[in-house]
Each structure stands twice: as C-alpha cells, then as structure tokens.
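In order, the protein sequence lines correspond to chains A and B.
Counting from 1, one number per residue, gives the positions in the first sequence under the working numbering.
Counting from 1, one number per residue, gives the positions in the second sequence under the working numbering.
Be a bit skeptical, because a hint or two may be false.
A few chain A residues that face chain B, going by a derived Cβ cut-off under 10 angstroms, partial list only [what the hints assert, rightly or not]:
no.	residue
1	LEU7
2	LYS47
3	PRO54
4	ALA65
5	ARG67
6	TYR116
7	ALA131
8	TYR169
9	SER199
10	GLN251
No lab work stands behind these hints, which were simulated from the structure alone.
All values derive from a computational prediction rather than experimental measurement.
Beta carbons: idealized from backbone N, C-alpha and C, even for Gly.
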Amino acid sequence: MITDPGLYDPSPLAPPLRWPGGKTCAVWVAPNLEYYELDPPAHPRRKSWTKPHPDVVGYSHRDHANRVGHWRMAEAMSRQGFPGSVSLSVALCDHIPEVVADGVARGWEFFSHGIYNTRYAYDMDEAQERAIIEDSIETVQRATGQRIRGWLAPALTHTVRTMDLIAEYGLDYTCDLYHDDRPGRVKTASGDLISMPYSLEVNDHYGFFIYNMSPRDYADALIRQYDRLAREGAASGTVMCIPLHSYLIGQPHRIGPFERVLEHIARDGRAWITTAGAIADAYREQQA
Amino acid sequence: MSLDAAYLQYPHRRRGMDHDLYPWSNIADRPPIAWPDGKRVAVAIVISCEFFPLTPSDTPFRAPGHMQTAFPDYRHFTARDYGSRLGVPRLVEALAKVGARASFAMNSAWAERYPDLARAIVAAGHEVIAHSTDMNGTIATGLAEADERALIAASLTGLEAVTGVRPTGWLSIARSQSWNTPRLLAEAGLAYCCDWVNDELPYRMTTPAGPLVNLPLNHELSDRQIIATCQQSADSYAEQLRDAYLWLDGEVDAGGGRLLPIHLTPYISALPYRIDAIEGLLAWLAAQPGAWFARGDELVAASGV
C-alpha cells in the first residue's frame, strides 16, 4: 500500500529565498485557458458533465470564457501590469487560436493543462501519457513558438508516473503539488523538476463555488492572502499564485472587485510581479 | 492499466467549435449594438412563474425547487405556491413603481392556475416567455423526440389560450436541453431561447429547422445562483448587480450596447424580507440614465441579430 507519494522532502525547513529587487513575494497569475467538449467520451472513473449530454449550462458557462470572459480578464491584467502564465487546454490552439494568440501578443507564458479539460489522465498507460505530453509540447510550440516548461494535469488528474514523465521530457515545473508557499524539489526518476506553488484555496473556482464567496469577499480573501505572504516573505521569500478561469472572474459582477486586487498588489511595492518560468529560474539560481 | 484507444482520439478537434449549433465569435469583434434612444445597458428582467405538481414525475429529471420530502410534500408545494400567489404580485407592483417592462417565463399550467395574474401581466405590457408546461416538464437527452415536440406545443398552446398571445421566446427548465431542443424550438416557430449562458449579447444559432436566436440569461446573475445556491444575502445580491451594471456601462463607449440579465424567482426574491432589496435595486437601475428595461423580444429585435 502506498501511503506517501514520495515526491518531496516533507520537512518545512528550507533556506530563505531572495527575489529580484528585494521583493518579498513573487506573484504570478495563472489564467486557465480551456476548452471543454460538448460530448466527450466517457472516462471509466470520472464523468465529464454531471448531466446527460448536452449539459447546456455546464458547457456554455465555460464557453463564456472564449467569447467574452477572456478579453475582460486579460485587459484588466494588462492594465495593472500582470502577465499571465497560462494553464492551457492545448486543443484550444486548434479550436480558437485567437484566444491563444491574444495571450502570445501580451507576452504570456504557456504551459500544458492537457488536451481538453474533459479528458482525464487517470488509468492511462505509459504510452498514452507520453502521447498527451508529446501532443502538448508539439501543439503549443506550433501555436506560440514556446517550448512548454510546466504542467498542470488536465482537470487535476494524474497517474503515479506523471511527474517522472514530464521531468524526462524536460519540463521543469509542476503546478499539481500544494504543500508549500515556496518552490521546492520534486523527486523524479530523471530530469530536474520543481513544484511551483499554484493554489486551490484562492483559485477563483474554490472562492466562488466551494466557499460560495461574493465577488467582494473573494477580492478581500486575495488581498489578505497577499498581505500575509508579503509579510512572511521578508524572511523566507514566498510565492502567491492567483489561478483564474475567465468564465468566472470575467463575469461582469466579479471583474471590478478583482481588478482592485491587482491594483492593491501592484501598488504595494513588495510584490515581484512575474511568471512561473521566471520564478523557476530564480529558484534554480539559488540552489546552485 | 490502460484506457480505450478511442479516449485519445479527438474527432472534433478542429478550427471553431466542436459542434455545429453556433460558430465561435468574440464579443469584441462584433459590430456595436445601439439600443433605442441612446440607451447603454439593456436590463432584461426575467421572472419565473412555475407550477410544481405535488407529485414529481422525474422524467427526465426533477426540476430545481421541486418537492423534496416524501409524498405529500405540503411544505414545498405551498411555499412555491406562496411565491406564485403573493410573490408574483409583489414583483409586478415593484416593476410598475419604476415603469419597467419585463419578461415572465411562464409554465402553461401556471397561466391556467392563475389566469387573472397571467392576463394582468400581459395587460401591463410584459412579455410571456414559454417555460414548458409545468415543473414536471423537464427536457434532457432521453426524452423521446415526439414527447418533447408535444411538450413544446402544449406549452405554447396553453399560454396562448389564457393570455391571447403566442410566445416567441422559450426558457427550458434549468436551461436543460436535449440534442433535439434547438431544432424543435425553431420548428415550433419560436424566435429565441434563453438557455445558453455563453455570451452577454443575443446571437444566432443554426438548426436544421432554421435559425434560432439565443438570448443569454446568465444563471450566474440569478437570484437562484447567488441567494439560494451561494447563500448570499439579498443586499449582497443587489450590490453585485449594481457592480455588474456599472462594469457593463463602462464597456459601452468602446464596445457598444450591453445587456444585464436579471433572472428572479418569486419564492426566492419576493419574500417579505428580501423584496425591499430587490425594489431598491430596481429603483437604482431606474435612476441610471443609460438603463433600458427591455422585454426579451424587444431586445432581440433591437440587437439586429
């Protein structure tokens, strides 16, 4: 029986990290640019939709992202000077390349969030898992000119092989481990993988649908999260990730309070506003 | 362990959507909409008029708000009936106070049960949107095509018989459709439906029986979602809708006319302890010089789609 994934040293003790310019908290924003299928094949262990297909509300709610929400969210980020590090359903490059191109034009970084957010990795054999990693690398390279560096498992579905495989393909960060506020080493069979702090707890989906927060309450939670991490980071060097879905944060009742959060962080002075890749680089330089 | 090979095949992975119901469209790339009289934000209030039979049929599924206890569930039957009997008149009066026209998404059985209310709603200048027959009239894949066609026809016929007006708009219960629904709605002569929540302006769908407009009635801005599901107060609900209005108003100069859909449920919003917040919201909206209270059919026509 496996009791511990064995992916990292459980000790919370690690040397302090320093961020450029003496900043105390590295802040990165992770827009999930996704494509959900209307009629995906069934996975034996997880339903894509809670209702019989077509799940009109489930599908069309998410489709709001690619028609309306993305631009509203991206404009707010750009106005406040925040780049995106994109968790990408790579099939979006085929379906709606305009959304991907918009991120490229804004200078955003792209990593893989699987092919579709309606296809799950559980129970894949090694060849199948290699196929989705290779598909991700090739598709994103073709659409953006970028070699993906990171991985957020599609719909957060994994196998025990995933970390070894993405490290073998040269990816250098995973967003799937939630045990720390700072980057750390991931133990893999080969390669050099680090865990990049992402977040479930301040993910907009959790804020609105697990904790049922109002838009203003969610904004307040983000500000408290930032203020605390910026304070602690003076001694340790922390990371705050803001994971977003534009079909949620890009709704008209939510975007205003959210933009005020970005404004708060940008004005505070302690934030290193950056990308996941730059955080990974800064971490590695300090491990030499 | 391994997944079926088909699980890694993507037959609909292509340019555009993975279906043919509507093409992808970026709201920012469309010709700007100019609402009548230079108005900036169309406020589409849709009020659900629902009749819940004491015995749920669960075919194909049980509607939100339906009976919950073992038979006979007098608790929920009468609480829903309170919304119809007392809540709807409160909302009608609240609309009259600010001179707002709205749409009432009505079960045909509701019109038959409260014909005087239904006729008064139409006489006040409001629109009736067809909302199935009663709250057992749910639609999802699994409902036979002939039964779904008959359900749509019975709803339209029943509403017309009571109110004298044949609806041109449709709202499915829980916005739930089968694969056949858009085609059957077009076939029945309906001009628009409100079920798909993927946009913030009306847009055109294509069905084998002809075009159908979708007027997105955003469930995220409904009292059911914010008050009943997310458990927020009526004051917070009103504040969120004011925030939404102001944000949309701020987009108009660059993007053209915007739409704020407000979907209200009488047994949720029209309770004595919540209705003041709703009336306050309506008064605030009425005081915005750019706000246009519009019926669904009016704003579909004005949008030019």
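Verification of the supplied hints:
1. LEU7: 20 angstroms, violated
2. LYS47: At 14 angstroms from the nearest chain B Cβ, LYS47 (chain A) fails the 10 angstroms test, so the hint is violated.
3. PRO54: 6 angstroms, holds
4. ALA65: Result: holds, 9 angstroms to nearest chain B Cβ.
5. ARG67: Hint holds; ARG67 (chain A) Cβ to chain B Cβ min 5 angstroms, cut 10 angstroms.
6. TYR116: 8 angstroms, holds
7. ALA131: Holds. Min distance 6 angstroms.
8. TYR169: 17 angstroms, violated
9. SER199: Violated. Min distance 20 angstroms.
10. GLN251: 5 angstroms, holds
This entry does not satisfy hints 1, 2, 8 and 9, going by the numbered hints stated previously.
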